[in-house]
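Asker: Sequence:
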Amino acid sequence: MTAALFANLTGATLDLSVIGVVFLVSLIYCIRYGRSSLVALVLAFYPAILLFETFPYIRKVTLVSDAGSGIVINNLIIFLVFLSASFIAVRRVIGHDYSQGYKRYFESIILSLAATILVVTVTYHVVPIGKLYNFSAAFDVFFAGTAAYFWSLLIPLILIFIQRKH
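Just so you know, the sequence shown maps onto residues 5 to 170 in the working numbering.
FYI, nobody ran anything at the bench for these hints, they're computed from the structure.
Just so you know, not all the hints are guaranteed correct.
DEER-style ranges, computed between Cβ atoms [said to hold, decoys possible]: (1) Arg95 / Arg63: 28 to 36 Å; (2) Tyr50 / Leu28: 19 to 27 Å; (3) Leu20 / Leu67: 25 to 33 Å; (4) Ser69 / Val22: 29 to 37 Å; (5) Lys107 / Lys135: 24 to 32 Å.
Idealized CB from N, CA, C, for every residue including glycine.
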């Protein structure tokens, strides 16, 4: 019983560490390149997901390997290509930042949370990374399943809307 509890706590701690790193990278990116750049990145996820999920040649394009974790890495590379193209397109339409002071940091935190939710959602539903890293059952509750997929795609849009209203 104690070993199972320890394993669950260790898994949850590692999951929080992974999510924390994604959040910090998003926050640093937002502070360094500006809110509008992170908004463009978050919005670029949506067409990238659509393009990736409907890409008819996913099994024919082999960049790394066609076995085991190579497939996951291959799919991640293809997704990142779609994400990069979508980001470039969206970034051209998004304006620049004008917030300063504490408001800028608060908005950066909100946008970083939106980006973190999307990154984790992509690893659960679009490009499953189970062969590279498997989140614990505690996190599966929040991200696995159709309803969770819907909400984890909608919440970042709501966060952007809230952030852009102020």
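Asker: Could you run down the list of hints and mark each one as holding or not?
Answerer: Here is what the structure says about each hint:
Distance hint check for arginine 95 and arginine 63: the Cβ-Cβ separation is about 30 Å, which falls inside the suggested range of 28 to 36 Å. The supplied range of 19 to 27 Å is met by tyrosine 50 and leucine 28, whose beta-carbon atoms lie about 23 Å from each other. A C-beta distance of roughly 31 Å is found between leucine 20 and leucine 67, which places it inside the suggested range of 25 to 33 Å. At about 23 Å, the CB distance of serine 69 to valine 22 disagrees with the hint of 29 to 37 Å.
The beta-carbon spacing between lysine 107 and lysine 135, approximately 42 Å, falls outside the hinted interval of 24 to 32 Å.
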